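4 protein chains.
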Amino acid sequence: MRDLKAAVVGTGFMGSTHTEALRRLGIAVVGILGSSPEKSRRAAAAEGIPRGYETYHDLLTDEEVQVVHITTPNYLHFSQARAALEAGKHVLCEKPLAMTSEETRQLVILAEETGLVAGVNYNLRFYPLNIEARDIIERGDLGEVTSIFGSYVQDWLLYPSDYNWRVLPEKGGELRAIADIGTHWLDLVQVITSLKVEAVLADLQTVHHTRQRPIGEVETFSGKLKREEATDTIEIETEDAGAVLLRFENGVRGSLWVSQTTAGRKNCLRYEIAGSQRALAWNSEMPNELWNGHRDRANESLHRDPSLLSDAARAYATYPGGHNEGYDDTFKQSFKAFYSYVAAGDDSAPKPFATFIDGHEEVLLCEAILESHQEERWVEL
Amino acid sequence: MRDLKAAVVGTGFMGSTHTEALRRLGIAVVGILGSSPEKSRRAAAAEGIPRGYETYHDLLTDEEVQVVHITTPNYLHFSQARAALEAGKHVLCEKPLAMTSEETRQLVILAEETGLVAGVNYNLRFYPLNIEARDIIERGDLGEVTSIFGSYVQDWLLYPSDYNWRVLPEKGGELRAIADIGTHWLDLVQVITSLKVEAVLADLQTVHHTRQRPIGEVETFSGKLKREEATDTIEIETEDAGAVLLRFENGVRGSLWVSQTTAGRKNCLRYEIAGSQRALAWNSEMPNELWNGHRDRANESLHRDPSLLSDAARAYATYPGGHNEGYDDTFKQSFKAFYSYVAAGDDSAPKPFATFIDGHEEVLLCEAILESHQEERWVEL
Amino acid sequence: MRDLKAAVVGTGFMGSTHTEALRRLGIAVVGILGSSPEKSRRAAAAEGIPRGYETYHDLLTDEEVQVVHITTPNYLHFSQARAALEAGKHVLCEKPLAMTSEETRQLVILAEETGLVAGVNYNLRFYPLNIEARDIIERGDLGEVTSIFGSYVQDWLLYPSDYNWRVLPEKGGELRAIADIGTHWLDLVQVITSLKVEAVLADLQTVHHTRQRPIGEVETFSGKLKREEATDTIEIETEDAGAVLLRFENGVRGSLWVSQTTAGRKNCLRYEIAGSQRALAWNSEMPNELWNGHRDRANESLHRDPSLLSDAARAYATYPGGHNEGYDDTFKQSFKAFYSYVAAGDDSAPKPFATFIDGHEEVLLCEAILESHQEERWVEL
Amino acid sequence: MRDLKAAVVGTGFMGSTHTEALRRLGIAVVGILGSSPEKSRRAAAAEGIPRGYETYHDLLTDEEVQVVHITTPNYLHFSQARAALEAGKHVLCEKPLAMTSEETRQLVILAEETGLVAGVNYNLRFYPLNIEARDIIERGDLGEVTSIFGSYVQDWLLYPSDYNWRVLPEKGGELRAIADIGTHWLDLVQVITSLKVEAVLADLQTVHHTRQRPIGEVETFSGKLKREEATDTIEIETEDAGAVLLRFENGVRGSLWVSQTTAGRKNCLRYEIAGSQRALAWNSEMPNELWNGHRDRANESLHRDPSLLSDAARAYATYPGGHNEGYDDTFKQSFKAFYSYVAAGDDSAPKPFATFIDGHEEVLLCEAILESHQEERWVEL
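Residue numbers (our numbering), protein chains in the order written: chain Y, 30 to 410; chain W, 30 to 410; chain R, 30 to 410; chain X, 30 to 410.
If you're looking for bench data, these hints aren't it; they were derived computationally from the structure.
Every value quoted in this text rests on a predicted model; they were computed, and no experiment measured them.
There could be a bad hint or two in this list.
Remember, identical chains collapse to one label, so a pair may be satisfied in a single copy or spanning two.
[Said to hold, decoys possible] With a Cα cut of at most 25 Å, we get these calculated DMTMM-like pairs of lysine to aspartate or glutamate:
1. K200 / E115
2. K68 / D32
3. K253 / D164
4. K253 / D170
5. K34 / E93
Turn these sequences into a full structure, and let the hints guide you.
Following this line, the structure appears as C-alpha cells:
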C-alpha cells in the first residue's frame with residue numbers, strides 16, 4: 030500500500046484533509062493542483078508537497094502518480110474523473126461523483142472499461158461504529174428493520190451573509206443541502222441496513238432567497254471567521270433545508286430532515302434505525318458512542334472500543350476505547366480501505382468503499398428528490 | 030381554587046394521575062366513575078375517594094362536583110363531555126377531545142353556549158421549559174422561526190404481542206400513533222411558535238398487521254409487565270409509525286416522525302425549532318433542560334431553575350433548579366391553570382390551557398393527515 | 030395509611046414540600062406551625078390546611094395528629110422531636126436529626142422507649158434507581174464493591190451576597206456543606222452498598238469568610254431571585270466546600286467532594302461505585318437514568334421504567350418509563366414507606382426508611398469529619 | 030518544521046502513535062528502535078520507516094536525526110533521554126520523564142547545559158478546549174479560581190488477569206495509577222489554572238494484590254483482546270486506585286480520584302474547576318465540548334469550533350466545528366508545538382509544550398503523594 034503514490038486536485042479544506050490522511054498511512058502525496066499554477070505552487074509549499082502542477086495535464090502525465098484524489102467544486106468532478114481514468118489513474122473522488130446522472134452513468138461505464146479502481150469518498154461509512162451498526166444488522170441482532178429516521182443539520186449557512194460556491198447551482202448543482210449533506214445520510218443508512226430507497230417524496234425550503242457574495246474567494250467553513258468585505262447580492266435557488274419521506278425495500282419507511290440553517294448544530298448527522306428487536310441511534314457529533322435501544326433490558330451505549338467491536342469494525346479502529354477518534358480518522362480509514370484494495374490488485378474482491386456505482390445511485394436519488402419536490406408527489410427510483 | 034371539587038371519569042392509569050395531581054393542589058376529588066359500579070367502588074376504595082358512582086348520571090347529579098375530568102377511552106369522550114356540559118359542569122377532557130371533527134365541532138358550540146370552562150389536557154404544554162421556549166420566541170430571541178422538526182417515539186407497542194384498546198379504530202380512532210402521541214407534538218410546537226399548520230403530507234406505516242389480544246382487560250403501559258395469558262389474533266389497521274411533512278404559516282416548514290415500535294425509546298418527544306438567530310431543542314426524557322443553539326457563541330443548556338426562567342415559565346415551576354420535576358408535575362401545573370381560571374370566573378381572560386377549540390383543531394389536523402396518507406398528496410387545512 | 034393524619038412544623042420550602050407530598054398520598058395535613066402564630070395562620074390559609082397552630086403545644090395536643098413532620102432549622106430539631114415523641118406522636122424529621130451526637134443519642138433512646146415510629150427524611154434513598162442500585166449490589170451483579178467516589182455540588186451560595194440561616198453555626202451546625210448535602214451522599218452510598226464508613230480524613234474550605242446578611246428573613250433557595258435590600262456583614266466559619274477521604278468496611282476506599290459554590294451545578298449529586306464485575310454511576314440532575322459500566326460489553330443506561338426494575342425498586346416507581354419522575358416524587362415515596370410502616374403497626378418489621386439510628390450515625394460521621402479536618406489526620410468511627 | 034527529521038525509540042502502541050502524528054505534519058520519521066534488532070526491523074517494515082536500528086548507538090549517531098522520541102517503558106527514559114541530549118539531539122520524551130526526582134533533576138540540568146529542546150509529551154494539554162479553558166481563566170472570565178476536583182478513571186486493569194509492565198515497580202515506578210494517569214490530570218489542571226500544588230494528602234489502594242502475568246510480552250491496552258495463554262502469579266504493590274487531597278496556591282483546594290479498575294470507564298479524565306464567577310468542566314471521553322457553568326444564566330456547552338475559540342485555542346484546532354477531533358489529534362498538535370519551537374530556533378521564546386522542568390515537578394509531586402500515603406499525613410512540596 031505504501032508503494033502507491035497520490036496526487037491531489039483541489040487546494041481547499043478538503044484537499045488538505047486528503048493530504049493529511051494519506052500521510053498518516055505513510056502514502057506519499059507527490060503533487061497537488063490548484064485552480065491556477067500560482068495556487069498549485071503555494072499549496073505545494075504550504076503543505077510540503079514536492080510538486081505544484083501547472084496544469085491538470087501535467088498531473089495526469091506524472092508517471093509517479095497512481096491515484097488521483099479529486100476535491101474540487103462539484104461541477105469539475107465529471108471532467109476530472111473522466112480524464113484521470115482515461116490517463117490510466119485510479120480515482121478517489123469527493124462526493125457527489127458528478128452533476129447529473131448522465132455524467133455519472135458515463136463514469137461508471139468508463140471505470141468498468143478501464144478496470145481502474147474508482148471510488149467516491151463517502152467517508153462517514155468509516156466511523157467504526159457505523160461499521161458496527163451494519164454488522165449488528167447483518168448478524169440479525171436488530172431483528173427486521175422496520176423504520177429509519179434522522180437528520181443532518183448544520184449552521185454554517187445560517188445568515189444571509191454566509192456564502193460559498195455550493196449555493197450556486199452551476200457550481201454545486203441544483204440541489205444543495207440535500208446533495209451536500211443529505212446524500213451522506215442516505216448513503217450511510219442504505220449501507221448500514223442493506224436496504225435501498227425505492228421512492229421519495231420531498232419538500233424543500235430556501236430560507237434565504239438572496240445572499241451576500243463576497244467579492245473574492247471563500248473557503249468552505251471559513252465564512253464563520255470572516256472579516257468585513259465588499260459583497261454583492263445574489264439570488265438563491267438552492268435549498269437551505271428540506272424534508273424527504275422515504276420508502277425503502279421490504280416496506281421499510283423513513284424520514285430525513287436536512288438543514289444548513291439551524292443555529293448551534295455544527296455538523297450533526299443523526300440516525301435512528303428501528304428493528305423488530307432493537308433500535309440503533311448515532312450522532313456524528315458524538316461519534317464514539319452507538320446507542321442500542323432495548324425493550325426488555327437496559328439501553329446500551331457502545332463505545333468505540335476495539336475490544337467490544339466486531340471484527341469488521343475493529344479493522345477500522347486504531348486507538349483503544351476512550352481514546353476518541355474523530356472526523357479526520359474516517360479519511361484515514363477510508364483511504365486505507367481504498368489503497369489496500371488497489372494494492373491487492375484483485376478486481377474480483379468485494380469493494381470495501383463506495384464505488385462509482387454508489388456515486389451514480391446517489392445522483393439518481395437526488396434527481397428523484399428534486400423531481401418529487403417540484404411535482405409534489407412520490408417519485409420512484 | 031381549593032373550594033372547587035372534582036370528579037374523575039375513568040379508573041385507569043390516567044384517572045389515577047388526575048386524582049394525584051388534584052390532591053397536590055389541595056383540590057378534593059369527591060367521586061370517581063369506572064366502567065361498572067363494582068369498578069367505581071374498587072377505585073374509590075383504592076384511592077381513598079369518598080364516592081364510587083353507580084352511573085354517570087349519579088356523577089352528573091352530584092351537586093358537590095363542579096369539574097368533571099374525563100379520562101376514558103377516546104370513543105367515550107364525546108358523549109361524556111357533552112353530558113357534563115349539559116349538566117352544568119366544567120369539563121377537563123383528556124385528548125383527543127372526540128373521535129371526529131363533527132363531534133368536536135358540536136362540543137365547541139356547546140361549551141360556548143353554556144359558558145362553562147372546557148379544556149383539553151395537553152399537559153406537555155406545562156413543562157416549564159416549554160413555556161420558556163414559547164416566551165423566548167415571543168420576545169424575539171429566536172428571530173424569525175424558519176423550520177420545526179422532531180419526533181415522538183415510544184416502544185410499548187413494539188411486539189405483536191403488545192395490545193391495548195388504542196390499537197382498535199372503534200375504541201381509539203382511525204389514527205393511532207399520530208392521534209395518540211403525534212398530536213401532543215403538533216399541539217406543542219404550534220403553541221410554542223404561535224404558528225398554525227396549513228398543510229400536511231403524511232406516510233403512515235402499520236408494522237404489525239396482526240396483534241395478539243389478551244382475553245381480558247389491559248391497562249395502558251402495563252403490557253410490558255404482563256404475564257402469560259390466553260390471546261386471540263386481531264387484524265390491525267391503525268398505524269404503528271408515520272411521517273408527516275408540515276407547512277406552517279409564514280412559509281415555515283417542518284417534519285414530524287412518530288413511532289410506537291422503536292425499542293428503547295420509552296416516551297421520547299423531541300423538537301428542534303430553528304430561527305434566524307437561534308435554535309431550540311427539547312427532549313421529554315430530559316425535560317429539565319432546554320438546548321439553545323447559537324452560531325456565534327457557545328450553545329446553552331437552560332435548566333428548569335426558577336431563577337433563570339421568564340416570569341411566564343416561573344409561574345409553573347415549583348422546585349428550585351436541580352430539583353427535577355417530571356411528567357406528573359405537568360398535570361399539577363395544567364390543573365392549576367385550569368382551576369385558577371375557573372376560580373377567577375372571568376370569561377374574558379385569555380385561557381392559559383388548551384380549549385375545546387384547540388381540541389377541535391387537533392382532530393381536523395388528524396383528519397387531514399389521514400386523508401393525505403390515503404391519497405398520497407398534500408392536504409390543506 | 031390514609032387514616033393517619035399529619036401536622037407539619039415549619040412553613041418554609043421544605044414544609045410546603047412535605048404538605049404536597051402527603052396530599053398526593055391522600056394523607057390529610059390537619060395543621061401547620063410557623064415561627065409565630067401569624068405565620069402559622071398565613072401558611073394554613075395559603076396551603077388550605079385546616080389549622081394554623083398558635084404554639085407547638087397546641088400541635089402536640091391536637092388529638093387528630095398522629096405524625097409530626099419537622100422541617101424547621103436544624104437547631105430546633107432536637108427539642109421538637111423530643112417533645113413530639115413525649116407527646117406520643119410518630120416523628121418524621123428532616124435531616125440532620127439534631128446538632129450533636131449527644132442529642133441524637135438521646136433521641137434514639139427516646140424513640141426506642143416510646144415505641145413510636147421515628148424517621149429521618151433521607152429522601153434521596155427513594156429515587157427508584159437508587160433502590161435499583163442497592164438491589165444490583167445485593168444480588169451480586171456488581172461483584173465485590175471496591176471503591177466509591179462522588180460529589181454533591183450546588184451553586185446557590187456562590188456569591189458573598191448569598192445568605193441563609195444554614196451558614197450560621199448556631200442555626201445550622203458547625204459543619205454546613207458537609208452536613209447539609211454531604212450527609213445525603215454519605216447516607217446514600219452506605220445504604221446502596223451496605224458498607225459503613227470506618228474512617229475519614231477531611232479538608233474543608235470556607236471560600237467566603239464574610240457574607241452579606243439581608244436584614245429580614247431569607248427562604249432557602251430563594252436568594253437567587255432576591256431583590257436589592259439592606260444587609261449587614263457577618264463572619265463565616267462554616268465550610269463552603271470540602272473533600273473527604275473515606276475508608277469503608279472490607280478495605281473499600283472512597284472520596285467525596287462537596288461544594289455550594291460551583292457555578293452552574295444546581296443540585297448535583299453524583300456517585301460512581303466500582304465493583305469487581307461492573308460499575309454504577311448516577312447523577313441527581315438526571316435521576317431517571319442509572320449508568321452501568323461494563324468491561325466486556327457495552328455500557329448500559331437503565332431507565333426508571335417499571336418493566337425494567339427489580340421488584341424492590343418498582344414498588345417506588347409510579348409512572349411508566351420515559352414519564353420522568355423527579356425530586357418531589359422522592360418525598361411521596363419516602364412518606365409512603367413511612368406511613369405504610371406506621372399503618373402496618375408491626376415494630377418487628379425491617380424499616381424501609383432512615384431511622385433515628387441512621388440519623389445518629391450521620392451526626393457521628395459529621396463530628397468525625399470536623400475533627401479530622403481540624404486535626405489534619407484520619408479519624409476512626 | 031518539515032526540514033526536521035525524527036527517530037522513534039519504542040515499537041509499542043505509543044511508538045506508532047508518535048510516528049503517525051509526525052507524518053500528519055509532514056515530518057519524516059527516518060528510523061525506529063525496538064528492544065532488539067529484530068524488533069526494530071519488523072517495526073520499520075510494518076510502518077514503512079526507512080531504518081530499523083540495530084542499537085541505540087546507531088540511532089544516536091544517525092546524523093539525519095535531529096529529534097528523538099522516547100516511547101519506551103518508564104525505567105528506560107532516564108538513560109535514553111540523557112544519551113540523546115549528550116548526542117546533541119532534541120528530545121521529546123513520553124511521561125514520566127524518569128523514575129526519580131534525582132534522575133529528572135539531572136535531566137533538567139543537562140537540557141539546560143546543552144541548550145537542546147527537551148520536552149515531555151503531556152499531550153492532553155493540546156486538546157483545543159483545554160487551551161480554551163486556560164484562556165478563559167487567564168482572561169478573568171472565571172473570576173478567582175476557588176476549587177478544582179476531578180478524576181481519571183479507566184477499566185483496562187479491572188481483572189486480576191489483566192497485566193502490563195506498568196504494574197511492576199521496577200518497570201513503571203513505585204506509583205502506578207497516580208503516575209500513569211493521575212499525573213496527566215495534575216499537569217492539566219495546573220497548566221489550565223496556572224496554580225501549583227503546594228501540599229498533598231493521599232490514600233492509595235491496591236485492589237488486586239496478585240495478578241496473572243502472561244508468559245510472553247503484553248502490549249498496553251491490548252490485554253482486553255487477549256487469548257488464553259500461560260501465566261504466572263505475581264505480587265502487586267502498585268496502586269490500582271487512589272484519592273489525593275490537594276492544596277494549591279492562593280488557598281485553592283482540590284481533590285483527585287484515580288482508578289484503573291472501574292468497569293465501563295475506558296479512558297475518562299474529568300475536571301471541574303470552580304471560580305468566583307463561573308465553573309468549567311471537561312471530560313476526555315467527550316473532548317469536543319467544554320461545559321461552562323453559570324449562576325445567573327444558562328449553562329453553556331462550548332464546541333471545539335474554530336470560529337468560537339480564542340486565538341490561542343484556534344491555533345491547535347484543525348477542523349471545523351462538529352468535525353470531531355480526538356486523542357490522536359493531540360499528538361499532532363503537541364508535536365506541531367514542539368517542532369515549530371525547534372524550527373524557530375529562539376531559546377528565549379516561551380515554550381508552548383511541557384518541558385523537562387515540568388516533567389521534574391511531576392515526579393516531585395508523585396514522590397510527595399507516595400510519602401503522604403505511606404505516612405498518612407499532608408506532605409508539602
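Here is how each hint holds up against the structure:
{"no.": "1", "hint": "K200 / E115", "in the structure": "within (24 Å within a copy, 58 Å between copies)"}
{"no.": "2", "hint": "K68 / D32", "in the structure": "between (27 Å within a copy, 22 Å between copies)"}
{"no.": "3", "hint": "K253 / D164", "in the structure": "between (38 Å within a copy, 21 Å between copies)"}
{"no.": "4", "hint": "K253 / D170", "in the structure": "between (43 Å within a copy, 20 Å between copies)"}
{"no.": "5", "hint": "K34 / E93", "in the structure": "both (6 Å within a copy, 24 Å between copies)"}
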